[in-house]
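Participant: By this note's numbering, the letter at position 47 of the sequence shown is numbered 42, and the numbering carries on one by one without gaps.
These are calculated hints, taken from the structure and not from any lab test.
Worth double-checking, as some hints may not be accurate.
[To be verified] Mimicking EDC-like on lysine to aspartate or glutamate, the simulated pairs with C-alpha atoms at most 20 angstroms apart in a straight line are:
hint : residue 1 : residue 2
1    : Lys19     : Glu29
2    : Lys19     : Asp31
3    : Lys117    : Glu107
4    : Lys73     : Asp94
5    : Lys117    : Asp94
6    : Lys117    : Glu96
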Amino acid sequence: MKSNKILNIIIAVVALVGAFLFIKIFMEDSEAIETDVDLQNSVVSPIIYYSTFLLIAAVVIAVALSLWSLIRNPENLKKTLMGLAVLGVLLVISYFLSDSEAVINAAGGISEGGEAGSATNKWVGTGIWYSIILGGVASLFFVYDLVKGLIKS
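Sequences and hints are given; from them, build the entire structure.
Facilitator: What follows is the structure in structure tokens.
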């Protein structure tokens, strides 16, 4: 119960600081904010840094708590590692399905950085195939769940 109070206090402080920075922006003239660099640095930059800090803190806390949970529960760790292994296998399959042909623009020429054999082309193709494979697997599970629900009804 005490940790819940502490968490509520932290949330309130974060919200108050964010509200203060947000109101500080609205107290200034919008035209002046767009043209005056010093005003931008004194009014807009703090909320950007604060938001960046909150994002990084949220990611670090989420990853740390997830890892802590996995360490405390070895059964979930096995399941997670198996899931990562399956995703790794699908990534390797996607990599071999992709090509590294030249990227042709609308004018029929080769786009800058899109030369044949480019590693970027290969990884973009890998990402596309990876998305297609994962979308197909998700679709199969969706149809399976739908049919299973219809059979139970």
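Participant: The structure should be examined with respect to each hint, and the outcome stated for every one.
Facilitator: Status of the hints after comparison with the structure:
| no. | hint | result |
| --- | --- | --- |
| 1 | Lys19 x Glu29 | 15 angstroms, holds |
| 2 | Lys19 x Asp31 | 15 angstroms, holds |
| 3 | Lys117 x Glu107 | 15 angstroms, holds |
| 4 | Lys73 x Asp94 | 34 angstroms, violated |
| 5 | Lys117 x Asp94 | 6 angstroms, holds |
| 6 | Lys117 x Glu96 | 8 angstroms, holds |
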